[in-house]
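According to my numbering, the first sequence is numbered sequentially starting from 13.
Don't read these hints as lab results, they were simulated from the structure.
Bear in mind the structure is a predicted one, so any value in this text is a computation, not a measurement.
Incorrect hints may have been included.
Ranges between beta-carbon positions, derived for each pair [as the list claims (entries may be wrong)]:
#, residue 1, residue 2, range
1, A211, Q126, 14 to 24 Å
2, L27, S136, 43 to 53 Å
3, K214, S186, 18 to 28 Å
4, V85, D196, 33 to 43 Å
5, E215, S136, 30 to 40 Å
Taking lysine-lysine and the DSSO-like style, the derived pairs with C-alpha atoms no more than 30 Å apart in a straight line are [to be verified]:
#, residue 1, residue 2
6, K18, K197
7, K73, K16
8, K32, K16
9, K73, K214
10, K77, K16
11, K158, K90
12, K16, K90
13, K157, K77
14, K45, K90
15, K45, K197
16, K91, K77
Glycine included, each C-beta is placed from N, C-alpha and C at the ideal position.
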Amino acid sequence: MALKRKLTSFYERLLQKHGKQGWWPLLSIGYHKGDYSIPRNAKEAYEICVGAILTQNTSWKNVEKALIKMDEVGLLDKKAILNASNEEIENAIRATGYYRQKARKLKEFTTFLQNNRGELTRDSLLGVWGIGEETADSIMLYAYKKAEFVVDSYTRRIMGEREGMFNSKMSYSSIKKLIEENLDKDYRLFQEYHALIVAEGKEQR
DNA sequence: AGCCAGGCTACCG
DNA sequence: CGGTAGCATGGC
Numbered sequence: 013m014a015l016k017r018k019l020t021s022f023y024e025r026l027l028q029k030h031g032k033q034g035w036w037p038l039l040s041i042g043y044h045k046g047d048y049s050i051p052r053n054a055k056e057a058y059e060i061c062v063g064a065i066l067t068q069n070t071s072w073k074n075v076e077k078a079l080i081k082m083d084e085v086g087l088l089d090k091k092a093i094l095n096a097s098n099e100e101i102e103n104a105i106r107a108t109g110y111y112r113q114k115a116r117k118l119k120e121f122t123t124f125l126q127n128n129r130g131e132l133t134r135d136s137l138l139g140v141w142g143i144g145e146e147t148a149d150s151i152m153l154y155a156y157k158k159a160e161f162v163v164d165s166y167t168r169r170i171m172g173e174r175e176g177m178f179n180s181k182m183s184y185s186s187i188k189k190l191i192e193e194n195l196d197k198d199y200r201l202f203q204e205y206h207a208l209i210v211a212e213g214k215e216q217r
């Protein structure tokens, strides 16, 4: 099939050009190229989830500042978030913008985690206020190593508009399905692919 | 000195 | 269903 070949060759091209990206970055080790064992524990997984929420329509630079501040004041922790006032959280994450909404989102998500000790699913995540399709997929893919392809604005622009692999105006779920049906369902491939698309997308500007 | 970031919800027709 | 205003700060 044509799309299958395009997806594979485009991935190879991006890999040649940008190299392995080492997503998702953690405060403790930064990027970790070629190491797909991250996260290694629940605390690291939680940091990824927090980052995924904070980076909604926000540059990673600003998210990093917020994560560092959260860490400094001890808020990069489930129990701490549940016990903190909204104002305390807002102060730590102000640099990411939308800080009132995001403070609420962090609380809603963390409450959900606590009430949900079993296996985390994409559908259950979508029921949490503040978590939409892209954030759910980012969390499943990078925090829980599940092969869920992340579709973002770069995916639409680069793969859709520029490379002509699909109509960029299609729904999130249609694009996701189309891509997933034509790639090996391997979380490491999905992690690297999405990170490479972002690298390519950031470059054009 | 604007425009735009690794989106989502609420609400409209 | 699809389309869009509002959310908000910091970087370039």
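For each hint, the structure was consulted:
The supplied range of 14 to 24 Å is broken by A211 and Q126, whose beta-carbon atoms lie about 35 Å from each other. Separated by about 33 Å at the C-beta atoms, L27 and S136 break the suggested range of 43 to 53 Å. In this structure the supplied range 18 to 28 Å holds for K214 paired with S186, their Cβ-Cβ distance being about 25 Å. For V85 and D196, the Cβ-Cβ distance of about 42 Å falls inside the hinted range of 33 to 43 Å, so the restraint holds.
For the hinted restraint 30 to 40 Å between E215 and S136, the CB-CB distance of approximately 36 Å keeps it satisfied. With a CA separation close to 16 Å, the supplied pair K18 and K197 stays within the 30 Å bound. The suggested pairing of K73 with K16 is violated, with an alpha-carbon distance near 34 Å, which exceeds 30 Å. Note on K32 and K16: the hinted pairing holds, with a Cα-Cα distance of about 21 Å set against a maximum of 30 Å.
Only pairs whose Cα atoms come within 30 Å are accepted, and K73 paired with K214 is accepted, the gap being roughly 12 Å. Our distance criterion of 30 Å between C-alpha atoms is broken by K77 and K16, whose separation comes to about 39 Å. A C-alpha spacing of about 22 Å is found between K158 and K90, which places the hinted pair at or below 30 Å, so the restraint holds. At most 30 Å may separate the alpha-carbon atoms for a hinted pair to count; K16 and K90 exceed this at roughly 41 Å.
Of the supplied pair hints, the one linking K157 and K77 holds, its CA atoms being roughly 25 Å apart against a limit of 30 Å. Taken as a hint, the K45 and K90 pair is honoured in the structure, with Cα atoms around 27 Å apart against an allowance of 30 Å. Note on K45 and K197: the hinted pairing holds, with a Cα-Cα distance of about 20 Å set against a maximum of 30 Å. Distance restraint check for K91 and K77: the Cα-Cα separation of roughly 21 Å lies within the 30 Å cut-off, and the hinted pair is therefore satisfied.
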